[in-house]
Amino acid sequence: MQALLSEIFNNSGLSPHGFCLLWRPELIWLHIGSDAIIASAYYSIPLALAYFVIKRHDLIFGWMFWLFSAFILACGTTHVFAILTLWYPIYGIEGVIKFVTAVVSLVTAMALWPLLPRALALPSPAMLARANEELSAQIEEHNKALATLRESEERYRALSQTLQQEAMERRRAEDALRQSQKMEAVGQLTGGVAHDFNNLLTVILGNASEARRLISAEQGNLEKHVATIERAGERAATLTNRLLAFSRRQPLAPRTVDLNRLVSDMSELLHRTLGEATLIETVLGARLWLTRVDPNALENALLNLVINARDAMQRGGKLTIETANLYLDENYAATDPEVVPGQYVMLAVTDTGTGMTEEVRARVFEPFYTTKPIGRGSGLGLSMVYGFVRQSGGQVRIYSEVGNGTTVKIYLPRWFGEEDPTQPNHSIARQIPGEGQETILVVEDDEEVRSYAVRTLRNLGYHVLEAGNAEEALGFIRAQRIDLLFTDIGLPNTDGRQLATGARELQPTLKVLFTTGYARNAIVHNGMLDADVDMIPKPFRAEALGRIVRQILDRPTPDRTS
Numbered sequence: 001m002q003a004l005l006s007e008i009f010n011n012s013g014l015s016p017h018g019f020c021l022l023w024r025p026e027l028i029w030l031h032i033g034s035d036a037i038i039a040s041a042y043y044s045i046p047l048a049l050a051y052f053v054i055k056r057h058d059l060i061f062g063w064m065f066w067l068f069s070a071f072i073l074a075c076g077t078t079h080v081f082a083i084l085t086l087w088y089p090i091y092g093i094e095g096v097i098k099f100v101t102a103v104v105s106l107v108t109a110m111a112l113w114p115l116l117p118r119a120l121a122l123p124s125p126a127m128l129a130r131a132n133e134e135l136s137a138q139i140e141e142h143n144k145a146l147a148t149l150r151e152s153e154e155r156y157r158a159l160s161q162t163l164q165q166e167a168m169e170r171r172r173a174e175d176a177l178r179q180s181q182k183m184e185a186v187g188q189l190t191g192g193v194a195h196d197f198n199n200l201l202t203v204i205l206g207n208a209s210e211a212r213r214l215i216s217a218e219q220g221n222l223e224k225h226v227a228t229i230e231r232a233g234e235r236a237a238t239l240t241n242r243l244l245a246f247s248r249r250q251p252l253a254p255r256t257v258d259l260n261r262l263v264s265d266m267s268e269l270l271h272r273t274l275g276e277a278t279l280i281e282t283v284l285g286a287r288l289w290l291t292r293v294d295p296n297a298l299e300n301a302l303l304n305l306v307i308n309a310r311d312a313m314q315r316g317g318k319l320t321i322e323t324a325n326l327y328l329d330e331n332y333a334a335t336d337p338e339v340v341p342g343q344y345v346m347l348a349v350t351d352t353g354t355g356m357t358e359e360v361r362a363r364v365f366e367p368f369y370t371t372k373p374i375g376r377g378s379g380l381g382l383s384m385v386y387g388f389v390r391q392s393g394g395q396v397r398i399y400s401e402v403g404n405g406t407t408v409k410i411y412l413p414r415w416f417g418e419e420d421p422t423q424p425n426h427s428i429a430r431q432i433p434g435e436g437q438e439t440i441l442v443v444e445d446d447e448e449v450r451s452y453a454v455r456t457l458r459n460l461g462y463h464v465l466e467a468g469n470a471e472e473a474l475g476f477i478r479a480q481r482i483d484l485l486f487t488d489i490g491l492p493n494t495d496g497r498q499l500a501t502g503a504r505e506l507q508p509t510l511k512v513l514f515t516t517g518y519a520r521n522a523i524v525h526n527g528m529l530d531a532d533v534d535m536i537p538k539p540f541r542a543e544a545l546g547r548i549v550r551q552i553l554d555r556p557t558p559d560r561t562s
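Anchor point for the sequence shown: position 85 equals 85 in our numbering, and the numbering is continuous, going up by one each time.
Certain hints may be false.
Restraint ranges, calculated between C-beta atoms of paired labels, are given here [said to hold, decoys possible]:
hint : residue 1 : residue 2 : range
1    : V340      : R172      : 16 to 26 Å
2    : Q437      : T494      : 42 to 52 Å
3    : E276      : A167      : 23 to 33 Å
4    : V107      : A131      : 52 to 62 Å
5    : A36       : E134      : 50 to 60 Å
6    : Q161      : E366      : 50 to 60 Å
7    : R315      : R172      : 39 to 49 Å
8    : A131      : P341      : 28 to 38 Å
9    : E276      : T494      : 50 to 60 Å
10   : L146      : D58       : 26 to 36 Å
11   : T162      : Q343      : 35 to 45 Å
12   : V340      : A167      : 24 to 34 Å
13   : Q343      : Q480      : 47 to 57 Å
Please keep in mind that the hints were generated in silico from the structure rather than gathered at the bench.
Note that CB positions come from ideal geometry on N, CA and C, so glycine has one too.
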């Protein structure tokens, strides 16, 4: 056997096939081109068959396709060797390949013929179509037989579902309407109470402040009583501000804010608020996005959260303030219809205090709800935080576990615009009061508030005119030059903004300062103070009024003639 194989693969004395063709180029290239094309086709056909078998797992005779693939692949290989033997007389290897091809072709042929009866027995597309038509006809007859019963059942079910859905939708609509009406009523009540209350507080605080100034040093007891009145008025003013924040009626003056910088600037204040028994840790996010909110309102909100955390850790503990960039996706938004998907900046305050039960956590944002002892809290701290954040387009979430602490997370929308240019701090509380001789027109329908404001400005050396309504005020403006119009927003038959517009038509360079105890539409839109507006909220003190008036008068006069 070994000798036979040696003889088969012995190429000595053999001539390449090209020699038989006398190495004529046209014959050589004719054979090469033909065999190459045939081999390429034979190699591609098995690939197509193999891909077809792999993708169609439902084939009955899949193994037969593999036999065909092997047979065609072997045939293609014989053509490759036909090209090689033009130069190399490897007829032995070529013969072995042809032998393998013969064996595969014989096996394929032997397997194919027994399959023919089974293949012919398979239903043709026409037979399948006829069977499908017969089956469809039977199904249709069956459906017709049950049509009356099903129609009645479906009609009843559809009617029942419609009634249930209508009832659910009606309940949801009624609940939403009641909630909306309740919140609107609370907001209107809050605004109305705050407006009248702030007018009273302006008179109380203003007169108390002026009385203290007039009291001599020898009258110490009287000064003590006046100081008590001032403190009570300040507490009442804080209460009305929290009411306005909860009802989303407070006028906000938004600016671009870097939360990392805001937290760092408040570090000393927060340490003093917490005391030595509480460890405070800040985790500030890298490359934090900007947000656009009222920075003073945000500082008050953070301070409220820190005070709540301190009260929850009576024996001390750890408080963590964290900032981060977050994306609230559609899945998160689906859990709460108020959430708008998008990019947010997060401010989180976490304490290791007593935590909250589910019942308490569900009510923490309700106004006047508190778990603190009587006299320890108004129940408006978290309500104020909630109202401010929602008015700013953000969200508030509370996560708490009894015995392990609480986390309050504030999500504020990312600001995509440019950062506001750095400006000098015009905070009323930090300006030095000044005196002047300019003419100021005070317009206020509340006689006591107007009397206090006029007296305060005259004490600062200004020439002051007073009016109780817009018509009277416009009469003064037509008659003489006015340097500053100081007007309440809520005036009879009009509002302060309309008065300012009419006044500037008469005197284009007129400067305007607004005041209000409750502003909703005139100078506040979508909860935000208009960009070109100066305002001092009620109740205001004499020192505060003097500072902002001097600040406005010292500004360059804007050109409104163009």
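Hint check:
1. At about 21 Å, the beta-carbon gap between V340 and R172 stays in the expected band of 16 to 26 Å.
2. The supplied range of 42 to 52 Å is broken by Q437 and T494, whose beta-carbon atoms lie about 30 Å from each other.
3. For the pair E276 and A167, the beta carbons lie near 59 Å from each other, so the given range of 23 to 33 Å is not met.
4. For the hinted restraint 52 to 62 Å between V107 and A131, the CB-CB distance of approximately 35 Å leaves it violated.
5. At about 53 Å, the beta-carbon gap between A36 and E134 stays in the expected band of 50 to 60 Å.
6. The hinted range of 50 to 60 Å is not satisfied by Q161 and E366, whose Cβ atoms lie roughly 36 Å apart.
7. A hinted range of 39 to 49 Å holds for the C-beta pair R315 and R172, which are about 45 Å apart.
8. Between A131 and P341 the beta carbon distance is about 52 Å. The supplied range of 28 to 38 Å is therefore violated.
9. Judged by the Cβ atoms, the range 50 to 60 Å given for E276 and T494 holds: they are separated by roughly 56 Å.
10. For L146 and D58, the hinted distance range of 26 to 36 Å is satisfied, since their beta carbons lie about 33 Å from each other.
11. The hint said 35 to 45 Å for the Cβ distance between T162 and Q343, and at roughly 41 Å that hint holds.
12. Our hint of 24 to 34 Å for V340 and A167 holds, since their Cβ atoms are close to 30 Å apart.
13. Checking the proposed 47 to 57 Å range against Q343 and Q480 shows it holds: the Cβ atoms sit about 54 Å from each other.
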